[in-house]
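Chain by chain, the residues run as shown.
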Amino acid sequence: MSQQVAQRYVGSPIKRSEDPRILMGAGTYVDDVKLPGMVHAAFLRSPFAHATIASIDTSLARKAEGVLLVYTGEELEALLTPGPYGLGLIMSMEKPVFSCLATDKVRLVGDLVAIVVAESRYLAEDATELIDVEYDELPPVATVEQAFDPSNPPIFEDLGSNILVQSEPHAFGDVEGAFSRADHVLRVTISQHRHQNVPMETRGCVASYDPATEHLLMWSANQGVHIHRTTISGRLGMDPEKVRIRTADVGGSFGLKLGGSREDVAVAAASRALGLPVKYIEDRYENLTASGQAREESFDVEAAYTDDGDILGLKVKMVMDAGAYPGLAGALPSMIESMLPSAYKIAALEFQSTVIVTNKATYVAYRGPWAAETFVRERVIDLVAHELGREPFDIRMQNVVTRGEEPTVMITGRSLVGVTVRESLERLGELVDLPGFRLEQEAARAEGRYLGIGMASYIEAAPGPKMPGMPLGREEMRMELAEDGKLIVFTGQMPHGQSHETTIAQVAADEFGVAFEDVQVVFGDSDIVPPGFTGGSRSATMAGGAAIMTARALRAKVLETSSHLLEANVADLRIENGAVSVVGVPASAMTLADVASAVRQPGRLPEGVDGELKVENAYDGGSGGWSGGTHCAIVEVDCETGLVHIERYVVTEDCGKLINPAVVDGQVRGGVAQGIGAVLLERSAYDDRGNYLTATFMDYLMPTTMDIPNIEISHLETVPLDPDVNFRGIGEGGMIVAPPTICNAIEDALAPFGVRIYQQHLPPAKLLELIGVIEPE
Amino acid sequence: MGERLPLRSRPTPTVHSRSSGDQLKSPPFAYVAPTSVEEALTLLAEHGDEAKLLAGGQSLVPLLALRLASPSALIDLSGVPELDYVRRENDHIAIGAMTRERAVERSEVVREFVPLLSVAMPLIGHLAIRNRGTVGGSAAHADPSAEIPAVAIACDAEVVVRSSARGERTITSDDFFQGFFSTALEPDEALIELRFPVVGPGTGVAFEEATRRHGDFAMVGAAAAVRTEGAHIVEARIVVIGVSDKPVRRREAEQALAGAEPTRAAFEEAAALAADSLTPPSDLHGTSTYRRHLVRVLVRRALESAVQHSQEGG
Ligand SMILES: Cc1cc2nc3c(=O)[nH]c(=O)nc-3n(C[C@H](O)[C@H](O)[C@H](O)COP(=O)(O)OP(=O)(O)OC[C@H]3O[C@@H](n4cnc5c(N)ncnc54)[C@H](O)[C@@H]3O)c2cc1C
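So the protein lines, in turn, are chains A and B.
For the first sequence, counting from 1, position 767 maps to 767 in the numbering used here; every step adds exactly one.
Numbering-wise, the numbering used here comes out as the position in the second sequence, counting from 1, plus 777.
Bound conformation, chain A alone (with noise of 0.2 angstroms):
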């Protein structure tokens, strides 16, 4: 029953109900939370990258002034089941295993040693620094060389080597038959810096054990409560219907705050055994060295093309540093396999993957953790047209699938069904005038002036098109009519900035027929919300598809159950303007508060007929789809400073139908804002002998306010594919697509030096470099 539904809301840019909290000072993030006699946790964390611990002694420190514990890791490990943390849960790993503090040895800096818990943060500080520990170094495994060394230890004996995973090369297409037809094979080598989310709100969590009822009350920031609690209640061996955790605002994530950390497990260990709540906030140190890292990545790459411009094949061989503790990285090169061709005709890709292990903070989800894809593939793309003297622009309309046509599926077997590249190219093609600026630019370099214009492409699984075999999951979602005549929406999403209490509200208003402010979404809360989780760009379809599935159902239910009340025929009842009524008879109607209360009172309803306004419904994903566009920066390098002004940013990009055009923005600037720093400032740097080198915002430079341009976004019209949920996501893109656009850019700018980009990573004085201003060091 595909119904049509009045439009009040979905479409609509509606504040956000978040913000007046929020912006206000008034919203309740971990930190917030305090709880009567609670205690606070601090850890020692290891000084070095690689060491055994030849002896540790803490005496001392639990003497000390206001501290209520101390455990070593191996007086831990006593009390807790071994198994997953964080992202290992989900992508169930085997190996290696790892204990929650460091036992035997250390394998990072910033690594588990202790934990101490305290009457106050700063005495358990203090604390820390009373424990001695000796450690006798291990060789550090911190370079892609050091790792494939075998006279290095393995940093986890389980694995025998520090290779995590290679796979055999795996051929898509005929790759022998396209480079043989090639007028030219292009050779290079391009890589993506570690960098890292960096949440506004650091990780950390409150948890509070009950020895009454020995039940377990955790807060955390997360990005899914059922997916920590598997890893709380498996590593405390404790009966998951024990453990409750709760959140509320979260400050951001990124992918970082996936399933519940080695932290999370010490400090609700340390709550059990002392029977009292432990806070505990990760400082900003702690969140810089050790919370986790994310792309680093190197390919040598093959490009066969011909001399008219066709992309015909890519070879590619990818060595990925996962960094210790493992979790996301070994299930990326696949990820990473099948998304490379993207949008573009490419027939033929041989692909070959080795996955590191290093002594570096663990290789962590962040916003479009297989981006490495789009890099590559977008540099690849530009370089060929460098390479002919062509416009890259026209190399990626030439090469780019046109819909309805030939291929409608990528090499690598992923359908294109719905892709609008070539449509978000063509729109960027009317609003930036390409030859108007080549003119411009050619004008400033006869000045000593360097601008440059760059383009990047790339399509987002948001949720990924429906395949045979390949289900999208499963959203669940529940909803009640509350007696006041609310709609009350239980969502599994866990919103950390996207905003899901206004969009999950506008959808499930316009389908249930009531006010936008009659809605609550009810989330982080395990013990009420249904299973899911926010992540991957998947909530606008999934949890935009549940609510409309979810608000029809308890739609139908309150229809069916106000034709007794009415004496209609439900046929005639609809819900409007939050009141139940016959068509046509106005007088008729009856509120939903009127009905909510009815049904609650004896004799109102027929017997037998089932009066509990609730419903449980589930989401497939229906057709799903994928969103993508086409991102173009006008940038202007001083050739003498080496330092990058980004004129101009535009954004051209098709997320469907958009629930909430405001909220979509904030996610793409958001995410472009992330990968013009990932490009002109970031970067998780580590010495040869994995000392963690960016450990404060002196040194790991995020852009501010002042360092992001003004971005100009214009949304496509989409192509429908479902007959109900067209919404996609979209939160992922502006991360993925805006450092090539931004290395483009700058090459174009510097193409009267022939500089060529193969590192993501361009600080002032790499690019003076670059352009042989100075020397190298």
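For the record, the hints were derived by calculation from the structure and aren't laboratory data.
Backbone N, C-alpha and C define an ideal beta-carbon position, used for all residues, glycine too.
Any given hint could be a false lead.
Unchecked claim - Once the Cα atoms are required to be at most 27 angstroms apart in a straight line, the calculated BS3-like pairs of lysine-lysine come out as: (1) B:Lys802 - A:Lys63; (2) A:Lys486 - A:Lys557; (3) A:Lys317 - A:Lys95; (4) A:Lys466 - A:Lys15; (5) A:Lys34 - B:Lys802; (6) A:Lys486 - A:Lys345.
Said to hold, decoys possible - Examples of chain B residues lying across from chain A (beta carbon under 7 angstroms, computed): (7) Leu845; (8) Ala846; (9) Arg939; (10) His991; (11) Arg1026; (12) Arg1028; (13) Thr1064; (14) Thr1066; (15) Tyr1067; (16) Val1074.
Got chain A; can you put chain B with the ligand on it based on the hints?
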């Protein structure tokens, strides 16, 4: 700077300096809030070198949080109003140690008589930092990339310091700034005042910086004050920051400009001289070679805009 924490593991020379301090909460300290200079100096004498004066806290508080400084007591000068002033005294402008950077930035007197200080102020961090940060704090902290010490050196400013035991002494900027975070201040002395000579007519000034982001400490900065008469440069002063353990005056370059015509060639020659013989430090934000190159670029740009400024009437 405070002493570094003893590392309780077996120390090795390869350990990165921050790797040992995994906390961001300060160690314990006593806090005292005097209301007069006299009282502050008495407290300072009592506590000796275990104590630190607290001005705007914009440098000291981060050091405490990182446990890179662990004083036993903080003597807070915020409640000492007598150190907050900007006034003209004869041929110099006197600025009290507790004058906020933002107040200096907005001061008409400073704009008119110490224009180089005026143009330097907006380059210090962000507004919120300048609302708290003080002139005395910046000078006493002596960060080699800070603007106020550079201006003091460029202008031949004098630094007035005082202790309860030995009273007051006046030190030239050249002698006051001794190196990386180090000054001529004795442990029992407080910085009281900076004295900037009033500039002569026809002087143009400029402060050019390369920063990775708006508001960051400069990778390299160049301050220039150029006095022109007719078609000639009479006197030029050039100081660069971010290249050594303290701001450095580039006297050879200054001499090359004295009497010269203000042409691009003259500026380039002076800029090359200014960059010559420097061996700046390398760090994550830029190599030594890059910084030396920046000196050349920024000195030239500073000279160009200083001369333009002087020709527009100073
Ligand atoms: C994000 C950020 C960016 C910044 N960017 C810049 C920049 O670009 N350029 C720049 O120059 N600065 C910058 N600063 C530093 C800022 O200018 C500081 O305010 C200044 O360096 C110190 O001044 P304060 O009043 O805060 O001193 P405090 O931090 O209170 O003290 C600094 C030191 O001086 C000592 N001290 C203070 N007053 C006296 C006194 N009267 N006598 C003797 N000793 C004293 C203290 O004991 C301490 O050792 C930045 C700071 C931040 C946080």
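Consistency of the hints with the structure:
1. Restraint check for Lys802 (chain B) and Lys63 (chain A): the C-alpha separation of about 20 angstroms stays at or below 27 angstroms, so the hint holds.
2. A hinted pair counts as satisfied when its Cα atoms are at most 27 angstroms apart, and Lys486 (chain A) with Lys557 (chain A) qualifies at roughly 15 angstroms.
3. The straight-line distance between the Cα atoms of Lys317 (chain A) and Lys95 (chain A) is roughly 24 angstroms, inside the 27 angstroms bound, and the hint therefore holds.
4. Note on Lys466 (chain A) and Lys15 (chain A): the hinted pairing is violated, with a Cα-Cα distance of about 33 angstroms set against a maximum of 27 angstroms.
5. This hinted pair checks out: Lys34 (chain A) and Lys802 (chain B) have alpha carbons roughly 19 angstroms apart, not beyond 27 angstroms.
6. A distance of roughly 51 angstroms separates the Cα atoms of Lys486 (chain A) and Lys345 (chain A); the hinted pair therefore is violated under the 27 angstroms criterion.
7. The beta carbon of Leu845 (chain B) is not positioned within 7 angstroms of any beta carbon in chain A (closest approach about 11 angstroms), and the interface hint is therefore violated.
8. This hint is violated: Ala846 (chain B) has a C-beta 15 angstroms from the nearest C-beta of chain A, more than the 7 angstroms allowed.
9. For Arg939 (chain B), the interface hint is violated, since its Cβ never comes within 7 angstroms of a Cβ in chain A; the closest pair sits about 32 angstroms apart.
10. Taking 7 angstroms as the C-beta cut-off, the interface hint given for His991 (chain B) holds, the closest approach to chain A being about 4 angstroms.
11. A cut of 7 angstroms between beta carbons decides the hint on Arg1026 (chain B): the least distance to chain A is about 23 angstroms, and the hint is violated.
12. Because the closest C-beta pair between Arg1028 (chain B) and chain A is about 24 angstroms apart, greater than 7 angstroms, the hint is violated.
13. Interface hint at Thr1064 (chain B): satisfied, since its Cβ lies 4 angstroms from the closest Cβ of chain A, which is below the 7 angstroms cut-off.
14. For Thr1066 (chain B), the interface hint holds, since its Cβ comes within 7 angstroms of a Cβ in chain A; the closest pair sits about 5 angstroms apart.
15. Among the interface hints, the one on Tyr1067 (chain B) holds; its C-beta lies about 4 angstroms from the nearest C-beta in chain A, closer than the 7 angstroms criterion.
16. Hint on Val1074 (chain B) holds. Least Cβ distance to chain A is approximately 4 angstroms, under the 7 angstroms limit.
In this structure, the hints that do not hold are numbers 4, 6, 7, 8, 9, 11 and 12, in rising order.
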